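Chemist: Each chain, written out:
There are 2 protein chains.
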Amino acid sequence: MSAIYDRVALIGLGLIASSMFWASKRRSLAGEVTGFARSAETRETARRIGLCDRVCESAAEAVEGADLVVLCVPVGAMASVAAEIGPFLKPGATVTDVGSVKRDVIENVCVHLPDNVHFIPGHPLAGTEHSGPDSGFAELFDNRWCLLVPVEGSDRDALAQLRAFWEGLGSNVEEMDADHHDLVLAVTSHAPHLIAYTMVGVADDLRRVTDSEVIKYSAAGFRDFTRIAASDPTMWRDVFLTNKDATLEILGRFTEELFALQRAIRTGDGDHLHDYFTRTRAIRRGIIEAGQDTDAPDFGRVKQPK
Amino acid sequence: MSAIYDRVALIGLGLIASSMFWASKRRSLAGEVTGFARSAETRETARRIGLCDRVCESAAEAVEGADLVVLCVPVGAMASVAAEIGPFLKPGATVTDVGSVKRDVIENVCVHLPDNVHFIPGHPLAGTEHSGPDSGFAELFDNRWCLLVPVEGSDRDALAQLRAFWEGLGSNVEEMDADHHDLVLAVTSHAPHLIAYTMVGVADDLRRVTDSEVIKYSAAGFRDFTRIAASDPTMWRDVFLTNKDATLEILGRFTEELFALQRAIRTGDGDHLHDYFTRTRAIRRGIIEAGQDTDAPDFGRVKQPK
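Residue numbers (this note's numbering), protein chains in the order written: chain A, 62 to 367; chain B, 62 to 367.
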């Protein structure tokens with residue numbers, strides 16, 4: 062594949078940026094990739110492992126002459142990064158981001174960008190429980206969705222070019238408006254993460270069951286929650302603070318439903334429970350058929366005999 | 062390894078029983094294994110795939126002459142199965158079960174067993190989201206815990222023999238008393254399952270987000286919940302109805318904590334969120350160090366580059 066952008070700048074060098082770099086190298090999607098991270102330690106790691114063609118000492122230096130600038134920092138840090146790079150952006154450049162919340166990013170980033178660049182927010186729905194510059198890998202986006210959220214007046218050519226770039230990284234691309242994005246993600250990602258964090262915190266807190274028991278016997282179900290509850294704390298703090306309304310709405314629905322099931326347990330209404338548990342099985346089948354998970358028992362943690 | 066029991070009878074032929082059969086064959090732990098399932102279709106499947114040395118047409122026939130009888134039916138069906146087999150048990154035989162709740166099983170099964178058999182309740186903490194006779198495999202119990210819950214007067218020799226059998230199947234065995242078992246499992250298994258079922262049900266219900274969106278974008282976190290929410294509805298209905306008090310207690314703690322996090326989101330208390338999310342990471346590390354999960358990113362769903 063020939064390069065889609067001559068120069069790409071990655072601002073923030075965590076799991077997503079590092080995976081974008083390796084995925085971009087895999088298919089030579091960019092002529093040169095520069096990178097910047099606020100922490101000297103992260104920049105040092107990046108240089109050591111060959112992450113980015115050139116690791117810069119400032120965000121301004123990294124974006125200079127870049128045709129595509131990708132903001133890969135926590136949502137709460139987007140505005141200050143945008144303010145920092147705004148004056149140094151190349152006219153005609155595309156600026157995008159990978160934040161998990163879109164309305165807040167749009168409101169806080171736009172104001173810092175000059176009129177002569179294209180701002181096209183984005184969000185790759187991919188990740189693992191690991192974070193940092195050495196957690197990335199080229200296959201992270203393969204067959205995962207990337208949502209692009211064009212704002213009013215987004216240039217169609219710039220959008221098409223960004224779409225081609227994400228497709229080259231391995232993603233399936235869809236467009237969505239910002240408010241719908243934030244609601245869909247509240248359901249599929251933000252509320253589940255908060256619930257997982259909560260359950261893990263409760264288990265950790267319980268005096269009559271020791272931590273060591275929780276850990277030893279985690280394979281009985283609890284373990285599945287701990288993966289997403291091990292995600293980056295700063296990233297997730299920012300997600301909840303910036304997608305407050307949609308997240309609280311879904312959590313309200315969740316609590317309502319949980320109370321109904323608790324009442325069914327208390328009153329011994331086995332039919333209600335059985336019906337509910339039967340319905341949820343169908344969703345799992347849908348996810349496997351859609352290629353968004355593996356049907357291997359127990360996520361393939363154990364080997365099968367044949 | 063030489064046989065630990067001459068004759069073993071498996072009553073109920075789902076995921077656990079079928080895995081016990083294959084694991085027992087792997088190391089020749091039993092001379093002959095008989096099996097029975099209430100459903101003619103399950104018995105037919107068992108015969109077709111060679112599950113059990115002999116599939117019987119009644120529970121009474123299956124337990125005749127057996128040195129070890131394992132009740133592998135949902136918790137709510139244990140009492141009626143015990144009543145059915147009671148008169149046909151061999152004097153001196155050991156009767157055990159694999160139910161996820163222990164106090165209720167002890168109270169309802171003991172009364173149906175003659176005095177001349179040993180009843181030693183058990184619970185292997187292993188499973189997958191699949192169920193039925195063809196879902197079992199020999200490695201299911203490898204490096205997983207099996208909890209034995211001796212009752213008052215349990216014979217030490219019979220207990221040692223059952224322990225050796227479970228160790229032969231691949232498990233690490235511990236003893237625990239029934240009430241503590243039910244509380245530990247409420248934390249590590251029962252509450253997490255109910256919460257996962259609830260979240261999946263809420264997502265399914267939401268009018269403004271279509272099912273297809275929930276499924277397409279599930280890799281953002283929601284997906285991890287759907288595995289355990291695809292577990293067998295009958296088994297889980299029985300678990301909640303029979304471990305009511307401990308489950309409701311943990312769910313009460315969960316709700317309290319969830320409300321505190323919701324309030325932190327509403328009031329914008331980022332420090333509270335960040336501290337909470339940092340603490341939960343440590344539990345994940347503990348689980349991986351204890352060998353109860355894999356550290357592969359995203360459960361190894363994606364291939365790593367090198």
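Simulated from the structure, these hints should not be mistaken for laboratory data.
Because the structure is a prediction, the values reported are computed rather than measured.
Don't take every hint at face value.
Within a straight-line C-alpha distance of at most 16 Å, the following computed EDC-like cross-link-like pairs (lysine to aspartate or glutamate) qualify [what the hints assert, rightly or not]:
#1 B:LYS151 <-> B:ASP67
#2 A:LYS277 <-> B:ASP203
#3 A:LYS277 <-> B:ASP67
Chemist: Against each hint, give a clear statement of whether it holds in the structure.
Modeler: These are the hints, each one checked on the structure:
Between B:LYS151 and B:ASP67 the alpha-carbon distance is near 13 Å, which keeps this suggested pair within the 16 Å criterion. Taken as a hint, the A:LYS277 and B:ASP203 pair is honoured in the structure, with Cα atoms around 14 Å apart against an allowance of 16 Å. Distance restraint check for A:LYS277 and B:ASP67: the Cα-Cα separation of roughly 32 Å exceeds the 16 Å cut-off, and the hinted pair is therefore not satisfied.
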